[in-house]
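Residue numbers (numbering that gives the first Met the number 0): 0 to 142.
These aren't lab readings, by the way, just hints derived from the structure by calculation. There may be inaccurate statements among the hints.
Under the rule of at most 30 Å between Cα atoms (straight-line distance), these lysine-lysine pairs were calculated in the DSSO-like manner [claimed, not checked]:
id: 1; residue 1: Lys27; residue 2: Lys102
id: 2; residue 1: Lys76; residue 2: Lys141
id: 3; residue 1: Lys24; residue 2: Lys141
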Amino acid sequence: MTNRLALAILAVAGLFISLYLWLYKLGKIGTMACGTGGCETVQLSVQSRFLGVEVALIGVLGYAVLLGLALLVLHPKYAGASWPLTWLIVLAGGAVFFTAYLKYLEFFVIHAICRWCVGSAVVIATMFGLTVVEWRRARAEKA
């Protein structure tokens, strides 16, 4: 499996995680499947909103954009273009910093750990790492 295909698969995984969390916040699903209760504690906390917007919705929108970019880099027409990978680095990097802030809130403010949120953190960190690897590879090929 190529890094570019892995980016698209990871974006889909992140999108589904965020969508699950958002549907919970909307009251569309019952008890959250978490196992520890930490997920509901995090999702029902004041910190589950950022600038008035549900963090889960930010995740849905963010992963949707990342998926679109990941699909672009898979398309032969854009395979040699550098801008989709550059945008993936910028957006995934920003998401990593935002996720680090959210992890800080979980550990030190809310005092609860959401396994779904940890899963999303692993997904975005992996996406960022793969994007950097792929970006460097693409630059080396052009040099």
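A quick look at each hint next to the structure:
1. Lys27 with Lys102: Within the cut-off at roughly 25 Å; holds.
2. Lys76 with Lys141: Judged against 30 Å, a Cα distance of about 16 Å means the pair holds.
3. Lys24 with Lys141: 46 Å, violated
Of the numbered hints given earlier, the model fails hint 3 alone.
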